Amino acid sequence: MKETKEQIQSIALEKSPTGIKGLDEITFGGLPKGRPTLVCGNAGCGKTLFAMEFLVRGALQYNEPGVFLAFEETIEELATNVASLGFDLNELIAQKKLFIDHVHIERSEIEVTGEYDLEGLFIRLNYAIESVGAKRVVLDTIESLFSGLSNSNLLRAELRRLFRWLKDKGVTAIITGESGDKTFTRQGLEEYVSDCVIVLDHRISEQSSTRRLRVAKYRGSIHGTNEFPFLIDETGFSVLPITSLGLDYHVSSERISSGIPRLDTMLGGKGYFRGSSILVSGTAGSGKSSSAASFAVAACERGEKVLYFALEESPNQIMRNMLSIGIDLEFWVKKGLLLFHSIRPTFCGLEMHLANMFRAVKDFSPKSVILDPINSFIIGTNEMEAKLMMIRLIDYLKLHQITGLLTSLTSLQSATEQTDLGVSSLIDTWLLLRDIEIGGERNRGLYILKSRGMKHSNQIREFLLTDHGVELMDVYVGPEGVLTGNARSAQESKESALKLYSKLEVQRKQLEMERKRKAMLAQIELIKLEFEKDEAEALKIIDTEQARALRLAEDREEMGRNRQADAPNKESIETQ
Amino acid sequence: MKQSDSNKELANQAFELAASGTEQKYLLRLYIAGSTPQSNRAVANIKVICEEHLKGLYELEVIDLYEKPYLAAGEQIIAAPTLIKQLPLPLRRIIGDMSDTDRVLVGLDLRKANQK
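Respectively, the protein sequence lines represent chains G and U.
The working numbering numbers the first residue of the first sequence as 3 and each following residue consecutively.
The working numbering numbers the first residue of the second sequence as 10 and each following residue consecutively.
Rather than coming from a laboratory, the hints here were simulated on the basis of the structure.
Among the clues, some could well be false.
Not close to chain U: a few residues of chain G, all C-beta gaps over 10 Å, as computed [said to hold, decoys possible]: (1) Asp26; (2) Ala85; (3) Leu87; (4) Ile112; (5) Arg126; (6) Ala130; (7) Arg221; (8) Gly226; (9) Glu229; (10) Asp365; (11) Leu411; (12) Leu467; (13) His470; (14) Leu500; (15) Gln509.
Ranges between beta-carbon positions, derived for each pair [what the hints assert, rightly or not]: (16) G:Gly182 - U:Glu61: 24 to 34 Å; (17) G:Leu156 - U:Pro99: 20 to 30 Å; (18) G:Trp167 - U:Ser44: 38 to 48 Å; (19) U:Leu66 - G:Gly172: 29 to 39 Å; (20) U:His62 - G:Trp167: 36 to 46 Å; (21) G:Ala45 - U:His62: 38 to 48 Å; (22) U:Glu76 - G:Gly182: 38 to 48 Å; (23) U:Glu76 - G:Glu16: 49 to 59 Å; (24) G:Gly46 - U:Glu61: 47 to 57 Å; (25) G:Leu156 - U:Glu61: 20 to 30 Å; (26) U:Leu66 - G:Arg109: 22 to 32 Å; (27) G:Ala85 - U:Glu61: 47 to 57 Å.
All figures in this text were calculated on a predicted structure; none of them were measured in a lab.
Here a beta-carbon is modelled for each residue, glycine too, at the ideal position from N, C-alpha and C.
The following block holds chain U by itself, in its conformation from the complex (with noise of 0.2 Å):
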């Protein structure tokens, strides 16, 4: 049920962000498990990321997987912490402790895997 409410939202965001013509907006979602080490890290790489390169372009919600595990099924996430870029389209799904900018970029499309 929240699940799919979450993804009519999306949508509907998806939508108003296409209809709006304005620059691409980032969707971003962090879920991670609990507040380990990892999960710490996670979080503080991926927001001076987003600081840096998509500033006031994007939208970062991070879910404790402990506090909501049904999300866990609903979006195919199997290893913690783990970024989803719900938009702009391709998903992603950006894996680990962000700590890999360079790829982190890549994920985000940022940056092309091969360019400097």
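Looking at chain G on its own, in the form it has when it is part of the complex (with noise of 0.2 Å):
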């Protein structure tokens, strides 16, 4: 058995990694090794620097030199181009890790005479590959041939022989086409080629410019099968391979402040969990990025590092409004422990801001990130992206253990729960700020939608902005419903009136309690003197007669004795 298994795993495919950020994720390991692989797409989606920079990074991480083969533009332009993505070719070129030749192909100088073949093409590429021990190689575009050589089933057939040789060479190859109507390619090179075929796209939509990437095919081997996106920058490509991760992450047990105390105490009276996902959601003005700030303010005070995403307000103008309800961030962003990053929604696309956000994350690693609001990205027609984009977020920060805290905006016409990108499946704290209106004011109230995993309250706080930071109150609900601001003021006030009293009338009752125990101990009193009064005078009555009583029997005696009689018996005196 284990032999086998041996064996299978030596026959699997082997790869050869691109050194791309993320295409080797969603590969899982790069691309077939030895093998050639088709990138396709449209003109400017990118083909050229994604096979430069698989050449580049080759070259530079994996030790494994490279051969261009440019039909398209020479060597010049191409160093010029993928200057700007940090790659110095010529240097590559200088150290022999890379060999660059331009086929130039003039149709209007060739004149066909019979049979021929590509034979000085091979020769050429053998040469190239021999001459730097090239390990990869790029065919950029090979399609050109068929506009300069017009014979295209002589054509196929050589590249046929071409893609075969190769395979027979075992290079790791590219070769680019352009994107045909309904093929991958112009020519169909993805019959010659189809071990490994990626799509690249370059696509417009609501003014903003998208691109993707696609595994359409990858023989032997499992692949992600998505659309990812991708981001040509300065430091190359970088596909973002969000989706393609499971729901296995770590999660946290710990709890961290919200920055208001007493909304700590709804949560199960500890705060949220660290890497959870937190919605704050109301409308505009109920307060949404003052609990944000809050919450940002708590994780400084902790030590930790708080990205700020701002989508509508600057920085500074956040910073202001913070300190008029004595929330001063200025100095936790002096003190290196918040971010702030500003982004236009409208500036670029979803998933450039994605990345760019991913990228700021990574940079900064704060333990919370805040996003004010998500609903900026919203323009147009474009939720569902969007809604990808959020999920993709949230993925990401769970991922990696931070608790992040959005916020939207909901409209007034919607209806409550139906908000927020859709995103509140994903959420495991969901704050929802709204306003209360009553009795000619509008006050905020605040209530937990839902809190996954902790006991948290059901009821509404009033929300307050206090010269010292956000602060919950208790509402009164009573036959007239919720009662805020001055209504809750009212009743207050009415209700520590009504305390007043009843402590009053304790305290004369207590008083009176008193006074009759006062009294009743007084007639204690007086009942036990007469008492005693009673037993002195019949005690005193007792000893008389009995004094009396003995007197008599003495002088009775003493009669006897005189009259010289007998003496008496004793019970003859007794009964007298």
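Taking the hints as your guide, dock the two standalone chains into a single complex.
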């Protein structure tokens, strides 16, 4: 059993890492080693850069020299173009890590006079491969041959032979091709290069451009099949394989403060879970940013870094506004614990935003991220894309154990629960801020719509913005409904008057009882005295009577003796 | 290196030819890939054509790319066989086994494309 397993592993497809950020994760290791891969897409979608990065990374990171056969651009043009990505081609060429050959085909110069083949190209390529010991080869764009030479049947046969030859050479090759109408490439190159096909796409929707990459085919390997957004920036290509992540991230049971003490109490007494995602939704001016700022300050006070993505206001504006309720964000910015990142949602496409945010998070490595507000990403009809983007962002934050606090603006018309880009199912703790209009006043109310994994209060609290931050107050729920603001104050004073009254009443009762008790005690004393007097009198009478009886007996004895009578027995005396 | 040397050489030859004022000389290079039947046909065909139409006016060099693969890049060769008409200008690439004599003559500017 063991042996067969090893055998299977040894015959499994070997892969050649591209070094392109994210791509190796989608393809589980890179491109098929020793085989050609077709990279196709429209003009300007980044085929050449993709291919060049594959070679440059191969040369720099994996010690695999490469050959670039350029059919469209000259060496100088290529070097200039990729210099913007930080690649120094001339240096690599000088180090013999890269060989670039520009294949120039000018149709007007060519006269076809009979049978021919492309052996010249093979020889060139072979020479190039051998001169640097190349392991990687790029043909960009081989379809140019079709415009230079007319005999397409012959070209097809020769291309088939070329790809076969590349395989025999054992080089990992990228062949680029322009997208066709119905086929991956105009000339149907996918017929010959069928091991791996990567489709690049560059589309514009709502005036924002989005680049996407898809692994359309990967023979002999599993791969992510979705369209993945990618970016081309000063660090090269980066593909964002976020949706490929599973749900098996680590969860923490650590709790962190929301920055509002009473809210912590409402959340089971401890606050949010670390690494959870929190949504604060509410109508305009209901205090979303303020609660976000409170959270930020609480995190900073714990010494944790916070990244604040401001989508609507400038950092200075936020800092000024928060100062008005006694939250000093500038202090933490200067300390380096709080970082603002302003984004104009219309500035670029969602994918670009997402990638920028990922990079910002990666660079700053915060413990908490605030996004205020997420609705700004919806421009026109891109709600679906915006939702997907939020899902990826939330996934990313969760995976990295970063607590994410998102705010969301709900419009007055829409139902409260039907909001928030439909991301509510991803949210662990959802706070709802709402306006309560009573008695000609508009007040803020807060309640917890849900909070996963903890006991939480089901009560509405009044949300106050005071000089020293956010405070939560009890609200009164009476026959007239929830009372807030002045109505609450009135109710409060009513209640305190009532309290005072009843306090006095109790005091009065207590005094009365004391008085009664005293009266009772006095009476008891009186009765006792009377009894004592009676008792003394009675005792006195008893004593006198006894003395008298004794006296009488003595007298009688005396009398008897005087009469010389017999001594009487005692009994007769006593009976008397 | 070799590439630029040969270019310089060609340029010199061209200059000498132009200076001599004599009839235009043809400088031809035939690049082949090994001695395949195709290559052999091409060599044979071009020799016949040159002898017929350019007797005494041409210089033909046959180069096997397998022996000098570095020349392929410099001369921008993709197909084999390729005959390059270095002189007189304009430069032309005549590819194939040269079996279509008319097309070879067109390529050598010895006959207009629409001429009989």
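Status of the hints after comparison with the structure:
no.: 1; hint: Asp26; in the structure: 32 Å, holds
no.: 2; hint: Ala85; in the structure: 23 Å, holds
no.: 3; hint: Leu87; in the structure: 25 Å, holds
no.: 4; hint: Ile112; in the structure: 5 Å, violated
no.: 5; hint: Arg126; in the structure: 4 Å, violated
no.: 6; hint: Ala130; in the structure: 7 Å, violated
no.: 7; hint: Arg221; in the structure: 29 Å, holds
no.: 8; hint: Gly226; in the structure: 37 Å, holds
no.: 9; hint: Glu229; in the structure: 35 Å, holds
no.: 10; hint: Asp365; in the structure: 43 Å, holds
no.: 11; hint: Leu411; in the structure: 61 Å, holds
no.: 12; hint: Leu467; in the structure: 73 Å, holds
no.: 13; hint: His470; in the structure: 76 Å, holds
no.: 14; hint: Leu500; in the structure: 100 Å, holds
no.: 15; hint: Gln509; in the structure: 109 Å, holds
no.: 16; hint: G:Gly182 - U:Glu61: 24 to 34 Å; in the structure: 46 Å, violated
no.: 17; hint: G:Leu156 - U:Pro99: 20 to 30 Å; in the structure: 25 Å, holds
no.: 18; hint: G:Trp167 - U:Ser44: 38 to 48 Å; in the structure: 20 Å, violated
no.: 19; hint: U:Leu66 - G:Gly172: 29 to 39 Å; in the structure: 48 Å, violated
no.: 20; hint: U:His62 - G:Trp167: 36 to 46 Å; in the structure: 38 Å, holds
no.: 21; hint: G:Ala45 - U:His62: 38 to 48 Å; in the structure: 45 Å, holds
no.: 22; hint: U:Glu76 - G:Gly182: 38 to 48 Å; in the structure: 40 Å, holds
no.: 23; hint: U:Glu76 - G:Glu16: 49 to 59 Å; in the structure: 35 Å, violated
no.: 24; hint: G:Gly46 - U:Glu61: 47 to 57 Å; in the structure: 51 Å, holds
no.: 25; hint: G:Leu156 - U:Glu61: 20 to 30 Å; in the structure: 28 Å, holds
no.: 26; hint: U:Leu66 - G:Arg109: 22 to 32 Å; in the structure: 28 Å, holds
no.: 27; hint: G:Ala85 - U:Glu61: 47 to 57 Å; in the structure: 53 Å, holds
Violated hints, in rising order: 4, 5, 6, 16, 18, 19 and 23; the structure is consistent with all others.
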